[in-house]
Amino acid sequence: MSPITLFLIAVGLGLIGWLAGRAKAWSFQKENPDVRPAARPVYYAWYVAVWVIVPVLAFAVAWSLIAPQLIMQSVLASPAAEVLPSFGFEREAWIAEARAVATGNAVGVFNEEAAALVEPFREAIGRYNLIGIAITILIAFAGGAWSFLRVKPDFRARTKVERTVMTVLLLASLVAILTTFGIVASLVFETVRFFGMVSPIDFLFGTFWAPDPMSNPANPDGSRYGAIPLFWGTILIGAIIAMIVAIPLGLMSAVYLTQYADPRLRAWIKPALEILAGVPTVVYGYFAALTIAPAIRDAAVAVGISGASTESALAAGVVMGVMIIPFVSSMADDAMAAVPGAMRDGSLAMGATQSETIKRVLFPAALPGIVAGIMLAVSRAIGETMIVVMAASPAANLTANPLEPMSTVTVQIVKLLTGEQTTEHPATLSAFALGFVLFVVTLVLNIIALRVVKRFREAYE
Amino acid sequence: MSNAVNTSSLGPTRTDAFAKRLKQRYTAERRFRALGMGAIVFSVSVLVFLLGNMLINGIGGFQRAEVEVTIDFPASGLSGDVASLSAPSAIQTLEMQGLDQIVAFYAEKQLGTDGAAEVSRDAWRDVAAELQADPTLIGRTEAFNLAASSNLAAGLAGEGSPEMQALAQRLVSEGRLAKNWDSGFLTRSDATSPQQVGIWGALKGSIFTMIVTFVLAFPIGVLAALYLEEYAPKNRWTELIEVSINNLAAVPSIIFGLLGLAVFLTLFPNLRSAPLIGGMTLALMTMPVIVISGRNAIKAVPPSIRDGALAVGASPVQVVFHHVLPLALPGMLTGTIIGMARALGETAPLLLIGMRAFVATPPDGFTSPATVLPMQIFLWSDEIDRGFVERTSAAIIVLLLFLMLMNGLAIYLRNKFEKTW
Numbered sequence: 001m002s003p004i005t006l007f008l009i010a011v012g013l014g015l016i017g018w019l020a021g022r023a024k025a026w027s028f029q030k031e032n033p034d035v036r037p038a039a040r041p042v043y044y045a046w047y048v049a050v051w052v053i054v055p056v057l058a059f060a061v062a063w064s065l066i067a068p069q070l071i072m073q074s075v076l077a078s079p080a081a082e083v084l085p086s087f088g089f090e091r092e093a094w095i096a097e098a099r100a101v102a103t104g105n106a107v108g109v110f111n112e113e114a115a116a117l118v119e120p121f122r123e124a125i126g127r128y129n130l131i132g133i134a135i136t137i138l139i140a141f142a143g144g145a146w147s148f149l150r151v152k153p154d155f156r157a158r159t160k161v162e163r164t165v166m167t168v169l170l171l172a173s174l175v176a177i178l179t180t181f182g183i184v185a186s187l188v189f190e191t192v193r194f195f196g197m198v199s200p201i202d203f204l205f206g207t208f209w210a211p212d213p214m215s216n217p218a219n220p221d222g223s224r225y226g227a228i229p230l231f232w233g234t235i236l237i238g239a240i241i242a243m244i245v246a247i248p249l250g251l252m253s254a255v256y257l258t259q260y261a262d263p264r265l266r267a268w269i270k271p272a273l274e275i276l277a278g279v280p281t282v283v284y285g286y287f288a289a290l291t292i293a294p295a296i297r298d299a300a301v302a303v304g305i306s307g308a309s310t311e312s313a314l315a316a317g318v319v320m321g322v323m324i325i326p327f328v329s330s331m332a333d334d335a336m337a338a339v340p341g342a343m344r345d346g347s348l349a350m351g352a353t354q355s356e357t358i359k360r361v362l363f364p365a366a367l368p369g370i371v372a373g374i375m376l377a378v379s380r381a382i383g384e385t386m387i388v389v390m391a392a393s394p395a396a397n398l399t400a401n402p403l404e405p406m407s408t409v410t411v412q413i414v415k416l417l418t419g420e421q422t423t424e425h426p427a428t429l430s431a432f433a434l435g436f437v438l439f440v441v442t443l444v445l446n447i448i449a450l451r452v453v454k455r456f457r458e459a460y461e
Numbered sequence: 001m002s003n004a005v006n007t008s009s010l011g012p013t014r015t016d017a018f019a020k021r022l023k024q025r026y027t028a029e030r031r032f033r034a035l036g037m038g039a040i041v042f043s044v045s046v047l048v049f050l051l052g053n054m055l056i057n058g059i060g061g062f063q064r065a066e067v068e069v070t071i072d073f074p075a076s077g078l079s080g081d082v083a084s085l086s087a088p089s090a091i092q093t094l095e096m097q098g099l100d101q102i103v104a105f106y107a108e109k110q111l112g113t114d115g116a117a118e119v120s121r122d123a124w125r126d127v128a129a130e131l132q133a134d135p136t137l138i139g140r141t142e143a144f145n146l147a148a149s150s151n152l153a154a155g156l157a158g159e160g161s162p163e164m165q166a167l168a169q170r171l172v173s174e175g176r177l178a179k180n181w182d183s184g185f186l187t188r189s190d191a192t193s194p195q196q197v198g199i200w201g202a203l204k205g206s207i208f209t210m211i212v213t214f215v216l217a218f219p220i221g222v223l224a225a226l227y228l229e230e231y232a233p234k235n236r237w238t239e240l241i242e243v244s245i246n247n248l249a250a251v252p253s254i255i256f257g258l259l260g261l262a263v264f265l266t267l268f269p270n271l272r273s274a275p276l277i278g279g280m281t282l283a284l285m286t287m288p289v290i291v292i293s294g295r296n297a298i299k300a301v302p303p304s305i306r307d308g309a310l311a312v313g314a315s316p317v318q319v320v321f322h323h324v325l326p327l328a329l330p331g332m333l334t335g336t337i338i339g340m341a342r343a344l345g346e347t348a349p350l351l352l353i354g355m356r357a358f359v360a361t362p363p364d365g366f367t368s369p370a371t372v373l374p375m376q377i378f379l380w381s382d383e384i385d386r387g388f389v390e391r392t393s394a395a396i397i398v399l400l401l402f403l404m405l406m407n408g409l410a411i412y413l414r415n416k417f418e419k420t421w
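Keeping their order, the protein sequence lines are chains V and A. Going by the numbering used here, the letters in the first sequence line up with residues 1 to 461, in that order. Going by the numbering used here, the letters in the second sequence line up with residues 1 to 421, in that order.
Using C-beta positions, here's what the derived DEER-type ranges look like:
#1 Phe-208(V) to Trp-181(A): 51 to 57 Å
#2 Gly-98(A) to Leu-15(V): 53 to 59 Å
#3 Val-301(V) to Ser-161(A): 26 to 32 Å
#4 Leu-55(A) to Gly-341(V): 40 to 46 Å
The calculated EDC-like cross-link candidates involving lysine to aspartate or glutamate, where the alpha carbons are at most 20 Å apart (straight line), are:
#5 Lys-415(V) to Glu-383(A)
#6 Lys-20(A) to Glu-356(V)
#7 Lys-454(V) to Glu-229(A)
#8 Lys-359(V) to Glu-29(A)
#9 Lys-454(V) to Glu-242(A)
Treat the hints as calculated values from the structure; they're not laboratory data. Just so you know, these numbers come straight off a predicted model, no measurement behind them. Every residue gets a Cβ at the ideal spot worked out from N, C-alpha and C, and that includes glycine.
Using the sequences and the accompanying hints, generate a full structural model.
And the structure:
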């Protein structure tokens, strides 16, 4: 039985409970108009509905975990299961095929032997579906009856319902913690496994990166897992080249838009910059790989630089910088808007020109905010994936020449996890170690930046 | 007279050095201003170049090279009647009756042997589909525009081998080859030949994925925002929740892909590359954005409304659900649409959870293998074939149109419901 069916059954039964609760509440109001009930009828209705829906959903979750195993056991206990090989890949494959046919996900079996299992499967699934529905209705009836009997004029249904609402709200906000915990747990777990195979020192300080997913997983060559070239490539593309493009252009755009531009012009330019920020990164990547990278290579060859590549760090970095411009610009905009107008007016009143005011008063006052914005921009650039996957190189290369191919952490994560792989191989696990490093670095950058922004904002209030 | 004496005793205000300095300062001012203007001009021209580039390339992607073949059905020996053609199995029936050979025969008759070889191998399927749509065709002679092979398409575009170019020129002069509007681009799915591809499969996958993302992220995000802004006590736990939400909003998207790979695919190994898993992963990514924008929307509701409701005896839950939430909802929707637009364009996390597979049939549910629009763009960008470049740009145009529609909707909602109290 699919979870969606169970969910729909729960909602349907809940609706019945809701209507029953409301009807009863109305009836005692009508029977005895002098006694004022403790809550309005709709709260009694919700009270009954909650008592139906919550137990049923809890059962549905449990049942969707237990039922497949019960079905499995009953199929294996049937005489038809005797043809199965006792263990191994074939056994799993046959069972999976028979299940697919029985549930209607496949029309026929590939292995003839599996055909015998289809009937037992179908029968077991049908039986346990019936049992599941029976228990569901039983639970719904029990919960509904118990709560229905408590619906009396002096029963304070509203407080009970509101307590449930608060619990739901709290659970919703806990999802954020659960997600963070899930990220950290999955990254740490796999990273620890990786470091059990390859020493962290080799990984963090080695200068040669060439994991081979086809090598013997039991005996990894630690010297092939040196991530320094990747860290360097990430820094060069995301933190140096992209920022050389994004910081001056972003800052000057913000200055022009906030200090000089005519409001009518601003009304057009600001949305245009927002479009630039809203373009998906895969489009930037396509643009970088097909238009910018060949142009840069041709330009380099034309001025006589040999060894220029179409997968140069420069192309990926420049396009990434363009992507970051609106981000830097809006952060600088905010930071400068936070500077009190009196400081600007004072400078202008002293006879300073507008640019002098901006350079000597506005910028220094807004500097912490601007720096924080740049840190956020760097953190975004080093975590950016699609542009580098499409425009940078898959081969790690430790060089200072931006025209040469270079790889980044995110490129390697994608490369290692999209090929043929087994979860046990150090090459696969190294992707999680790289992800962990990326997570920690961006986290630190974000935390510092958010702190700086917070302190800076408070300084003028 | 006395005025002149006074000023001269203070010294001249405008010495040469002063005038020079002032001029320098004004020059610097103009230079600075020009720099600002230059930055804007650069950013806008990059945008124009990017969009223009996609548009010029992409227009060709909505067309395809088609050859005209006239088929005389009554003479062809096809024995289908109208009823059997409207049955779902009509394609198999037609294949058994040799429709592919009939199409090849007429193509050879009209295009010559070298031309017939350049009709796409699957072209008879299009003929079969048209027969199915309009069974009365079987009694008529009808001209069909059939997809040309990739080689002939390249020849028409002035590329490819000299023979193909010559053949393309000959067919064009006979009026049998032309670049036509390809309505099938929006209704077909991925294929191996640029002449046969379409984006419907990816679009459908995107829609399914977005539905899952919305259904999960919107309620959770709105409820979390309500809790944090209206009820949460100030303590360590709520601070931890706030910090994790702010951090999640800034975590690189690929990390969510790693989470999806390690957690969701371990829990549901046979749902690899399904919209359900993709949507769940994107929902975790979108949820913090919704919470943050939702909290701002709630903050904008004036306290007097809460106080008024409390004063007439509403409980805190009633205050929020009857008064604050309806007033804050438009603002929350704006943030949600922006978050969804970001999720729609996202590729990296989906890459890791296996949505990069070649999927030639549109997904028929939340659990069947699918690909999404940005992923289709990424997959096609790997094909160096000239036809795929145009197709990729066309797919990008469709994606950008969707994004602009969503952002336009967000702006409309913001303007329509913007209130000042």
